[in-house]
Structures are given as structure tokens and as C-alpha cells.
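Work out the full structure: start from the sequences and follow the hints.
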Amino acid sequence: MNDWISIISNVGFPVAITLYLLIRIEAKLEMLTRSIGDLAATIKLIKQ
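The sequence shown begins at 17 in the numbering used here and counts up by one.
Quick caveat, the hints were computed from the structure, so don't treat them as lab data. Not one of these hints is a red herring.
Below, a list of computed lysine to aspartate or glutamate pairs in the DMTMM-like style, where the Cα atoms sit at most 25 Å apart: (1) K44 - D54; (2) K44 - D19; (3) K60 - E46.
Pasting the structure below:
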């Protein structure tokens, strides 16, 4: 918690919120990338 307070006081509230959201979204983007890859592989198998 002290780390977040330090970040907010050093770089400002908007930057701290942006970093927080980017960290949270990163895992979801990785899952989405894997899902798209799986979907492409499945479509390739169906076309054969």
C-alpha cells in the first residue's frame, strides 16, 4: 500500500490509475491471445 501512495505522490493520480489498469488488463489480453490462437487452430482443423 505504501508503494501505491509513493507512486501517486511522485507521478500523479492519472498515471497511477493508468499503470494499475494496464497491469490488470495484461492477463486478460494474454488469455484473449491464446483463445484466438486456439480458435485459428480449430478452424484450420475443421477446413481439412
